[in-house]
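S.K.: This is what each chain is made of:
2 protein chains.
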Amino acid sequence: MQTTRNIYQQMSDEELGAARAELAARVEAVRARGLKLDMARGKPSPAQVDISRPMLSVLNADSDLFDGAVDCSNYGCFEGIPSARALASSLLGCPADQTLVLGSSSLLIEHDILGMFWRVGTCGHAPWSDYAAAHGGRPVKILCPVPGYDRHFGISADLGIENVPVPMTEEGPDMDEVERLAAADDAVKGIWCVPKYSNPTGVTYTEETVRRLAEMRTAAPDFRILWDNAYCVHDLYDEGDELANIFGLARAAGTEDRVVAFASTSKITFPGAGVAFVGASPAVVAEFSARMKAGLISADKLNQLRHARFLPDVDAVRAHMREHARHLRPRFEAVERKLSAGLAGTGCATWTRPRGGYFVSFDGPAGSAKRVGALCAELGVTLTPAGATFPGGCDPADTNIRIAPSYPDLPDLEAALDVLVLAVRAVAADLAYEERA
Amino acid sequence: MQTTRNIYQQMSDEELGAARAELAARVEAVRARGLKLDMARGKPSPAQVDISRPMLSVLNADSDLFDGAVDCSNYGCFEGIPSARALASSLLGCPADQTLVLGSSSLLIEHDILGMFWRVGTCGHAPWSDYAAAHGGRPVKILCPVPGYDRHFGISADLGIENVPVPMTEEGPDMDEVERLAAADDAVKGIWCVPKYSNPTGVTYTEETVRRLAEMRTAAPDFRILWDNAYCVHDLYDEGDELANIFGLARAAGTEDRVVAFASTSKITFPGAGVAFVGASPAVVAEFSARMKAGLISADKLNQLRHARFLPDVDAVRAHMREHARHLRPRFEAVERKLSAGLAGTGCATWTRPRGGYFVSFDGPAGSAKRVGALCAELGVTLTPAGATFPGGCDPADTNIRIAPSYPDLPDLEAALDVLVLAVRAVAADLAYEERA
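For the protein sequence lines, the chains are E and H, in the order given.
Residue numbers for the first sequence follow the numbering used here, beginning at 1 and rising by one.
Residue numbers for the second sequence follow the numbering used here, beginning at 438 and rising by one.
Hints in this document: simulated from the structure, not taken from any laboratory.
It should be emphasised that the depicted structure is a prediction, and the values quoted were computed from it without experimental measurement.
A hint or two may mislead.
[Said to hold, decoys possible] To give an idea of the chain E side of the interface with chain H (calculated C-beta under 8 Å), a few residues:
1) LYS43
2) SER63
3) HIS135
4) GLY154
5) PHE270
6) SER298
7) LYS301
8) ASN303
[Said to hold, decoys possible] Pair ranges (Cβ atoms, derived):
9) H:ARG763 <-> E:ALA252: 58 to 64 Å
10) H:ALA756 <-> E:ALA316: 35 to 41 Å
11) E:PRO127 <-> H:SER777: 49 to 55 Å
12) H:ALA834 <-> E:GLY76: 28 to 34 Å
13) E:PRO312 <-> H:THR783: 21 to 27 Å
14) E:ALA316 <-> H:ASP487: 27 to 33 Å
15) H:ASP611 <-> E:ALA316: 55 to 61 Å
16) E:ALA283 <-> H:GLU614: 41 to 47 Å
17) E:ALA283 <-> H:CYS831: 28 to 34 Å
18) E:ASN245 <-> H:LYS807: 45 to 51 Å
19) H:GLU451 <-> E:GLY76: 47 to 53 Å
We put the CB at the ideal spot given by N, CA and C, even for glycine.
Only chain E is shown next, with the shape it has when bound in the complex (with noise of 0.2 Å):
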C-alpha cells in the first residue's frame, strides 16, 4: 500500500508519455523471448528434494521394524509410534503425548478436525454447524489474518464458515482487531495462523502477539487458535526467527483447549510424502482421537519410522534443514535483489524480506496487482493468482502478489523477477496515465 505519489505519478504528462513508450517496448522485447517460468507455489526445486533421497534408504528389506515395542509393519499404535510423537513433540512444542502423527498432510489433519468442531462441537460445546440456525441464520466465523494461506481460507469457506480478514503486521495478526473481533461475537469461533515465516508475508509473530493470542478474553468459549507451523524449522540463516510456545502461554492462561497445533514434514523431507502432525490439550486431542478412529486403524507407521531413523532429534533435523536454506536463501536473496535494483526507490512497491519459510509477500500499488499477474502471465511468468492470499480471492486494494521463489532454478527465477518487475513498472506507469485521464 503506498502513501506517498509514485515515480509514475510524480512524472509530467510528456515523461510518463516517455516512459509508458519505453516500458511498451520492452515488454514486446520480453513477449517475443516466449518465456515459460513458474513462481507460483511454495513447492521445493527438485535438486532441493534431492537432499531427503537418503530417507528412502532408511528402511530395506532386512530392517527392523519395530519402533521400541511398537511393530511398525502391522496394524495398531493409532496415535503414532513413539519415535514420531518425540519428533511431533519438538516441531510442535507441546508434550508427545499431546500430539498425534496421522497421514501425510497436516492441511488434511486441519480439514478433518475444523470438519469435527463442525459438525460434533468440541470440548462439550454445540456443533459450529448448529450455530447459524439457533442465532438468526448468523454464520459462524473464522479470522483469517491477511494476506495469508489461500488453502487455510478454503478450508474454512468449504464448510460454510465466513472467513474474516484481519491485517498482518510485522508482529503477526493486528491484536487490537482481533482481540476486539474475537470478544466483541461469539460467533468468531477461531482464527488461522501461520505462526513463524508466515505465508506469505514472512513474519513470524512476536511474543507479545503469541501472549495476547493465549490470553485473549474470547466470547465464544469453543475459540480456537488453528497454529499451523508448517515453518517451525525453515529458518534460511544460521540464526533463525524465535517463536514463542503458545502451549506454555496458553497452559498458564488456563486456555490450552484453545490452541490445536499442526506441522508436517512435507517441507523437510519430501512434499506431500512426509509425516504430519497435531498437537493439541489433553481433552482435544482425546476427542479428535475417538472420533477418527471410527475410520483410522493406524496411520503409515512404515513412513513415520522411515523419518523417525533419518531424522532422530533436533540437532538431525537442524542439519538437514541447514541443507535446503542452502538451496533456498540464494532465492530468496536473488528476490530481494532484483527487487531493490528494480523498484527501490520508484515509490511503486514494498516487499518483505522473510528469513525463512517459502514466500515474499509484494504490494504493488493500489489496483495494480491483477494487471501485474496478467501481464505476467502473457509474458510466459505464472505467479500465485492476485488476491489468492485474501479470503474469496477478494484483495480489497488489489495490491498483493505472493512471491513463490523456490521452486525455478536461479537463472530462471532471476529472469522471472526481471518481468515481475518490469510488469509492475508498466503497470504503474498505466495506472498514472489513467488517473490523468
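Since the structure of chain E is already known, use the hints to place chain H on it.
M.R.: Frame of chain E; chain H shown alone:
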C-alpha cells in the same frame, strides 16, 4: 441358530449333570494353564507380513522417482500416479480414470465419502444431514448385512445414521429384504457391502445378488452401495470365488452413480501402511475430488510408486497373494478341523468354510455368544467381542462369534480353538441345564 435340540438338551438330567461336571473340570484344567492367546482381529501374522519386505527395498536413495511424467517426490497429482491407478483399476474393476489413490486407509476414504454425502449431499441431492429435519425427525438409514464388519457400522453410527440390519445368506445379503427396504423408504440411503469373502461369513455375493443390487428400485435417488472389496484378491486356494463386476452391471442398468467401491493393499502388502483406493462414477469421483482437494494437495506418491513397482501387474499380485495363502490356508484348515472334531454332530454350533478373506463366522446356541466370549477371556483367549458383527454390538439371538485365525501361529491357534470348543460345550450344557430350572 439351532433349530433342532443339541446333545445337552437331549440328555437326561443325570447325563447332563455328569457332562457339566466333566466340562467344569476341563475348564478348571485350562484355567490353570494361564493361556494368553488372541483371535480377535483380522491381522496377518508377523511371518505373513514379512513376505512383503522386499517392497521396502524397491525405492532407495538412487531410485528413479518418476512414474511416467509424474515426479513422485514432489507435490501434485492429487488423483494418484498412473501406475497406482492402474493397480486400483484392476482391484476395483472400474476404469483407471474413475479411481483415486488416497492415503493408506480405505476405511478413512469410506469415512470421508460418507461424511461428504452427509454434509453436502451427492449428485445434486440434499445433504443426508438435512433429511431428518425435512422428514419429521426420521433419521437416514443404511442397510447393514449381518453378521458384518463392525468398523463399517461404526462409521455410519458416528454420523448419526441408523444402521438397519439385514440378514446375510449364503448368496450375500437377503435381497428380498434389501429390495423391500430400499424401495419402501427414501430414508434408506445405502448399504454396506463386503462382496467377496465377506467379513465375517466369507460369503461371496452371487452374480444374481450383485445384479439385483445394481438394478433394484430405490426410493432414495441418492442411494449408495458402499462396496468394500477388501478381499478382492485374497483367495486361499488357486481357484478363488468369482465376484461379478458391479460397475458393468450398474452401467448397463443406468445406476452407475450408485456404486462406490473401495479397496486397499493393507492385506496385500503392509497392514496400515499400504495404499487405498476408491472407484466410482465419473460424477461421484469428480465431486469427491473437489471436496478432498480442500484438504489434500496430493497423497503419498512415493508409497504409491513403491507399490506399483512391487506389484506391476495382475500376475504379480496373484503370485504375491499365493504367498499369503500359504500362511493363511493352514490356519483356516485348522479352524475347520478343530471345530469339526469338537462340535460336529453336537447340534451346538454351525460355522462357515470360507475360501478366502480373514474370518470364519461361528454361531452357537441362542444366548451363548456373550457367555462363550466371557469364558474364553477368563481362560486367556481373546475373541472379537460377541455382538461386534451387529450394529450397536447387538446380536439379537446372541449366537455369533467372529473367528479371526490369521494372527496366532498354528500351535497357538489350535490351543485357542480347543478352548473355544470347550467353552461352547460348557455354555451349551449350562444353557440346557438352566432351561430345565
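S.K.: Next, verify each hint and record whether it holds.
M.R.: Hints versus structure:
no. : hint                              : result
1   : LYS43                             : holds (5 Å)
2   : SER63                             : holds (7 Å)
3   : HIS135                            : violated (17 Å)
4   : GLY154                            : holds (5 Å)
5   : PHE270                            : holds (5 Å)
6   : SER298                            : holds (4 Å)
7   : LYS301                            : holds (6 Å)
8   : ASN303                            : holds (7 Å)
9   : H:ARG763 <-> E:ALA252: 58 to 64 Å : holds (59 Å)
10  : H:ALA756 <-> E:ALA316: 35 to 41 Å : holds (39 Å)
11  : E:PRO127 <-> H:SER777: 49 to 55 Å : holds (52 Å)
12  : H:ALA834 <-> E:GLY76: 28 to 34 Å  : holds (32 Å)
13  : E:PRO312 <-> H:THR783: 21 to 27 Å : violated (58 Å)
14  : E:ALA316 <-> H:ASP487: 27 to 33 Å : holds (29 Å)
15  : H:ASP611 <-> E:ALA316: 55 to 61 Å : holds (58 Å)
16  : E:ALA283 <-> H:GLU614: 41 to 47 Å : holds (43 Å)
17  : E:ALA283 <-> H:CYS831: 28 to 34 Å : holds (30 Å)
18  : E:ASN245 <-> H:LYS807: 45 to 51 Å : holds (49 Å)
19  : H:GLU451 <-> E:GLY76: 47 to 53 Å  : holds (50 Å)
Comparing the model with each numbered hint stated earlier shows that hints 3, 13 do not hold.
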